[in-house]
Amino acid sequence: MKLTELTLDFSTIKTYDDLHQKLTDLFGFPDFYGKNYPALIDCLTSLRHPEDGMTTIHVSHDEAILLQISDMTFDKATIGISGFLLAAIQFVNYRCMLADEKSLIYLFLDRTF
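Residue numbering for the sequence shown follows the UniProt record's numbering, beginning at 1 and increasing consecutively.
Hints listed in this document are in silico derivations from the structure and should not be mistaken for laboratory results.
Be careful, since some hints might not be right.
Said to hold, decoys possible - Quick list of in silico lysine to aspartate or glutamate cross-link-like pairs, EDC-like style, CA-CA up to 20 Å:
no.: 1; residue 1: K22; residue 2: D100
no.: 2; residue 1: K76; residue 2: D9
no.: 3; residue 1: K76; residue 2: D31
no.: 4; residue 1: K35; residue 2: D52
no.: 5; residue 1: K22; residue 2: D71
no.: 6; residue 1: K2; residue 2: D71
no.: 7; residue 1: K2; residue 2: D75
no.: 8; residue 1: K102; residue 2: D42
no.: 9; residue 1: K102; residue 2: D62
no.: 10; residue 1: K22; residue 2: D9
Quick caveat, the model's predicted, so the values are computed rather than measured.
Using the sequences and the accompanying hints, generate a full structural model.
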């Protein structure tokens, strides 16, 4: 399986808006991206569906994303934001499982505390 490697630096993410902006920049979400949980799941799911026009990065059905997340913390200030992203990725991969596809996003958590 071919993996497309992407990196998300979590050290500057302090708010949900910060997270949504970083993800928009990384994946190329459209201007109308809703910056909420369902919209995030829909955009990430669309990584394998370029015809949806929801991302500028695309992978085929036999490929996946390896997302390296650096400096993600689980402290009181950011645990909700960290959990939000992890839950969204888990749900995207669950959708893949229901469609009898391989997981779409694999995580490498670098220096996670």
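Task: Satisfaction of hint between D9 and K76, Cα-Cα up to 20 Å - done: holds (19 Å)
Open item on the list: Against the 20 Å threshold, does the CA-CA distance of K22 and D71 hold or violate the hint?
Closed with: Holds. K22 to D71 sits at ~14 Å (cutoff 20 Å).
Task: Restraint check for K2 with D71, where alpha carbons must lie at most 20 Å apart - done: violated (25 Å)
Open item on the list: Given the hinted pair K35 and D52, is their Cα-Cα distance within 20 Å?
Closed with: Given pair K35, D52 holds - Cα atoms ~17 Å apart, limit 20 Å.
Open item on the list: What's the verdict on K2 and D75, does the C-alpha distance respect the 20 Å limit or exceed it?
Closed with: Given that 20 Å is the threshold and the Cα spacing comes to 34 Å, the pair is violated.
TODO: Please work out if K22 and D9 have their alpha carbons no farther apart than 20 Å.
DONE: The hint holds at about 9 Å.
Task: Distance restraint between K102 and D62, which requires alpha-carbon spacing of 20 Å or less - done: Distance of about 7 Å is within 20 Å: holds.
Task: Pair hint K22 and D100, alpha-carbon separation not exceeding 20 Å - done: violated (30 Å)
Task: Distance restraint between K76 and D31, which requires alpha-carbon spacing of 20 Å or less - done: violated (31 Å)
Task: Pairwise hint evaluation, D42 against K102, where the allowed Cα distance is 20 Å at most - done: Since the Cα atoms of K102 and D42 sit roughly 17 Å apart, the hinted pair holds (cutoff 20 Å).
Consistency with the previously given hints fails for numbers 1, 3, 6 and 7, ordered from lowest to highest.
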